[in-house]
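Visitor: Chain residues, written in single-letter form:
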Amino acid sequence: MESNKKYWKGLEEYNNTPDFVKNNKNEFAEPLPIEDVLNEAGLSTVTPRRDFLKALGFGLGAVTLAACQTAPIHKSIPYLVKPEEVTPGIPNYYTSSFNGQSILVKTREGRPIKIEPNPNAGEFFRGTDARAQASVLDLYDVSKLKAPLLKNEETTWAKLDGFVKTELTKAQASGKKIRIVSSTVNSPSTNAVLAQFIAKYPAAKLVQYDAVSYTGIIQANQNSFGKAVLPKYNFDSADLILSFGADFLGTWISGEEFTAQYSKNRSYKSLESKKMSRHIHFESGMSLTGSNADTRVPVKLSEEGPALIALYNAVTGQSLPGGTLGNNTTADKVIKLAAKELLQNKGKALVVCGSNDVSTQILVNAINAAIGSYGTTIDLDNPCYLYAGNDAEFNGLVAEMSRGEVGAVLFLNSNPAYDYIDAKKFEAALKSVPAKISFADRADETASLCDAVAINHNYLESWGDANAYEGYYSIVQPTINPVFNSRQAEESLLVWADAPVKDYYQFVRSNWETKMLPALGLKWNDVLEKGVISIAPKAATAYTFTQSVAPVAASILNRSKSLAKDIELQVYENIPMRDGKNANNAFLQELPDPVSKVTWDNYVAIAPKYAETLKVKEFDVVTVKAANGYSIDLPVLIQPGQARGTASIALGYGRTKVGKAGNDVGKNAFPFVSFINGTMQYATSVTITPTGGYYELAQTQTHHSFEGRAVIKEATFKEYLKDPAAGNEKGEHKDYDLWDQYEKPGNNWVMAIDLNACTGCGSCVVACNVENNIPVVGRDEVRRRREMHWIRIDRYYSYETPEGDVTKEKEIANLEDLDHVSVVHQPMLCQHCDHAPCETVCPVLATVHSSDGLNHMAYNRCVGTRYCANNCPYKVRRFNWFNYWNDSRFDNYLNNEFTQLVLNPDVTARSRGVMEKCSMCIQRIQGGKLKAKLEKRPLKDGDIKMACQEACSANAIVFGDSNDPNSEVSKALRSERIYYVLEEINVKPGIGYMTKIRNTDTKVQA
Amino acid sequence: MRDISMILKSVWKSLFLFSAISVIAVSTVNAQDAKEGRTLFKAKCSSCHALDAKLVGPALTGVTDRHSEEFLLKWIPNSQALIASGNPEAVKLFNENGKVAMTAFPELDEAKVKDILAYIQEGEPKPAAGAEGAAGSASAKDEGTSGLSLAGIIAIVIVAIVILVILGRASKLLERLILQKQGIEMEEDVPLKVGVRKMFKNKKFVMFFILCLIIALGSFGWMGMWNTGVHTGYQPVQPIKFSHELHAGINQIDCQYCHNGAFKSKNATIPSLNVCMNCHKAVQARDKYDGEISPEIKKIYNALGYDPETQKYDESKSKPMEWVRVHNLPDFAYFNHSQHVVVAEDAIRKAKGLQPTEPVCFACHGPVNTMEEIYQYSPLTMKWCINCHKETDISGQKNNAFYAKVIEAHEKIKKGEKITPALLGGLECGKCHY
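For the protein sequence lines, the chains are A and B, in the order given.
Just so it is clear: in the first sequence, position 977 is 977 by the UniProt record's numbering, and no numbers are missing.
Just so it is clear: in the second sequence, position 124 is 124 by the UniProt record's numbering, and no numbers are missing.
No lab work stands behind these hints, which were simulated from the structure alone.
Treat the hints loosely; a few may be bogus.
[To be verified] Only part of the chain B face toward chain A is listed, based on derived beta-carbon distances under 7 Å: (1) G261; (2) T269; (3) S272; (4) L273; (5) E296; (6) K317; (7) P320; (8) W323; (9) V324; (10) R325; (11) Q339; (12) V342; (13) V406; (14) H410; (15) H433; (16) Y434.
Fair warning: this is a prediction, and the values are worked out from it, not measured in the lab.
We put the beta carbon where it would ideally sit given N, CA and C, even for glycine.
Could you put the whole structure together from the sequences, leaning on the hints where they help?
Guide: Written out as structure tokens, the structure reads:
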């Protein structure tokens, strides 16, 4: 009995549009230009005799020259004085931190080439996000400034220091204010530097400004409990999670950490102990977190407040006015049931909300207090310091600047000219500041308006530290000499403050050695080795909510009413681009959005039904206009699951001065953010009008289709409890083998992927890109279906009707419930089939099987027939259409001598005309084996880890040797949930998938 | 032909060596003391002192003029004691030379110190004239190609044909003479030109000639094609005339001392110049260049920005040393030195029949200790790799716990077969190409 649920990747597949059908049947996604060649000059013209002779002569000459025996001269340049710890060919690992998370930086011959999670970082910091993985590319970014700028001209540090010091002294003497605008500073050493700077210039003050702000939560906690902090959330202790628009697995506060906590109660290990958390999600646009929820309920942005009031009423038994949801009966139903469940799970439940509205967050606090979350799932005593920005403070600064009260302003790691809600107002205000200094690494939107740009180091060139949580400190240490003539911002500040210690390394070290290390009895080198210091956390205590919620509810209702005017627009951070700071990173630009699978652009996401009423089709360009007059033209993306009457636009796009890769990609949505009730609000109401234009988004979702074959298996948690093999019933059919069986006496490398743990976040995709030198192809090539990713995450939509399962394809066409879809994410990579169909069709034996279960690909043997790709049932083979590293059409990525330094020297950079695919990180397998050989010991389970596996916070990917019955992967593969994709065609894949389990109660089923 | 040039080279070298030795022998007949002193000097003093240059300690030429023998006899075995005793000359000398304490040599008795002083007085025996020339010609660039061997074959064929023709004509002459003797007059021999023309009218000959031509051209092409990209014997000119023969051969320096990566990493690594400086701070070969530092060693100093007079480094003057890579594997082939020289050392030694005294490196790099300038010894073709992987017996690896498990697993299926890397999957594409 196979599941009769229908899954589809995109609406074109769902609707079976003629284009989709045609493209799927075609051998090549694009027609080959054979006709053109045959019809045009190709054959009709006669080749003149002279041309023929010329060609012949050239050909002969070229062949003769090529056959000459001269050996190529390759220079080999050793170190003059080799550092003791460097052995060419062997990587070194250094601890560092990225955005507060402790990481390991892998360097080869002094070049950072890969980011790995730090095993000392703690249980829930076991993975890294896509940004961290891609960050090595930023180090070698040629769009950065090569020297400091003074009045838009390159200068020396001495001249710049002279200028800045004079200006700062002038500002101080004139009695005007000096302001340092920075995104949240949680580094103890940076804070100490700022203290010294402020001591020298008492008019100076730090203004923390985050492009995407969490001020709402901080102020709500101040209001409710007198603690102006972001709490530490413990998703791992929550059996029931309710989220109102908080994308906590993706972009909300600390996505990777929350993913690790979340998956602890949902992974195969947890399921084996018969335990699984339950996650109910209310949101308007489809987010990564929403796509993973057991039950997802689309609500309009204006319904979020009333829904929370309704939940509060249901949980506490009070009757605040306004807790009605109008037409949204589903949401109404779900909230009543959820309230019951919350009360059943007191102390084991958690309600989070993505809103930045103080009143809304106070109400959420009230609900959490009522269900006993404080002290269990929410920890206010060990707060999180990742975000501390204050929206009102920065708004006030803009006003001060325009009044001419500010004498000097310094921008550290902030770019308000791009990401402030009213960039024009900011720019005008900036004009009345006499001295403007930026620490940006490039002449970005703000830096280009500044008098001086004191270019800052990349974090991989810097010393520093971070304090992500109370008592949790991590170190930042440089892994390379500065690539350009930059200087660390902290050092610049120390120089300008005439501090006694100007060398920032000495400063950080003495800061640690005097303030932190003596109490812990540790030495500086211990810190560098471990990378992270954790002081025992304080006991989390319970907090009671005593305030009256009536005024809060009134404010929420007001806001809700003002939103419900027209189309409700939500602007949000998406996984690849986040707030746009890393917009020039080609790896991130080409990472498909986990839900929409769009690369290289942002778009207006609207619900299918709503598109019909608007009379727009997919990719039609529309004008989105806000009440403040800001309007942009963007293509429409029809998003199943989007709440009707709402639209979503991602932030982080539309940069104009970031570099070759990121300039003019998409449109800037920050001006849609509004400042209401003292905080930035990411919901607004807009009007949408079609322009009649058309713009094709580079969307990967329907590339590499399985043509409707069943590749997903799922069951509900209830069914799983009854029968662990639920949803994975194997049909009776006889197998026939065309091939001989081969023994795999040594190792048999296999993989298990837990579909329940995988959230689809995409950090594995970027990790694989970096590890395996996978080229970035750019928007146009993605449109031609030529993306090169070796691992992709297929996202399938499906839904169940209240009456029962959808059984036949034809029935689906008549159903109209695209609002309530459920989603499955399936990582798809080379399955290393034992009976690989690709191997048998290769005419030159370029792809063959190994005795340890891998499907090898010999690039130097491949002649590019692409038969293998056509014969691969999983569509995981990729063809190199260009020499991406040496072609001016791909200038945004590898085509320069700096960026090429990011390449992994253990992996060949493939050439044009060659097929490639996942090699199961064979360089890591071979490296791990060699290490064991040199140490004369057998290989241990866990010695070898795949790049994708290492990056995964959810632990969804398990790799190992199936010949070892005690290996983690062998255990995982013995699970009843294991199935092999398309196992009916008997290609014997090496990668097992575990069925998706949803903790849905049919009654609460949306 | 590589071999011929090597023979020539070694003949030159032995000639030169012989003449050098004979000159040295003649010039040192009466200097028994000094010869002994030279050996002692090299062993005990030369790491800090040179005759004509200041190293850690002062230059020693003329030391016997500057100080009395009596003083030196006390100073050299234990200078610190002499200083402690308050000898004004000793204290002065100590202060003048930066207060660097000289190692005590209690083992040097009076006779030995005198020997050393005799050597210092006499100076380094002058090498034979023409030595430089010989060394120069020996290290001249010589790039053997397989074309030479082909030319040899062609020459042999031509010579054979000429001999055949001459023999044929001679036998004809003899025949005619015999016939003449018997009284039978033969027709006058046709002139050569007509004979050749006649020959080309002979269809059988033309056929034979064309066949030969096709075979010759075909084999020429065939060999050319097979050897495209094979650079056996490749010996590029290096920026420093570094002699492996001198370092690895005569001075017996272990390969690992310089190429330490080979035992840890995939790269054998060209040593960084600070490794050179471990010795060449002191070893300057001044004796061969009339008291000047060897121009080749000077190149190290220049690259590092090192001033031998002040013994200071100036990083601003340093510039990288651009060696020319001799062993070029294509980028798509992965080769790891440590896998071969550490993990598989015993197996490779056995397979290649190396002497215990020879380093395992010789298996592929050839007799490096006899190479004046390094050249590519092995063809480095895939066939060459594969052959070795097919033939090498690695059953001896059982004492490595990693292999013990793997070999055990394989032995279960392939009882009695020779265990080679190929059997363990060493021929699979992905083992070297990724």
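Visitor: Are the hints correct? Go through all of them and say.
Guide: Hint by hint, here is what the structure shows:
| no. | hint | result |
| --- | --- | --- |
| 1 | G261 | holds, 5 Å |
| 2 | T269 | holds, 5 Å |
| 3 | S272 | holds, 4 Å |
| 4 | L273 | holds, 5 Å |
| 5 | E296 | violated, 17 Å |
| 6 | K317 | violated, 11 Å |
| 7 | P320 | holds, 5 Å |
| 8 | W323 | holds, 5 Å |
| 9 | V324 | holds, 6 Å |
| 10 | R325 | holds, 4 Å |
| 11 | Q339 | holds, 6 Å |
| 12 | V342 | holds, 6 Å |
| 13 | V406 | holds, 5 Å |
| 14 | H410 | holds, 5 Å |
| 15 | H433 | holds, 5 Å |
| 16 | Y434 | holds, 5 Å |
The structure shown violates the earlier hints numbered 5, 6.
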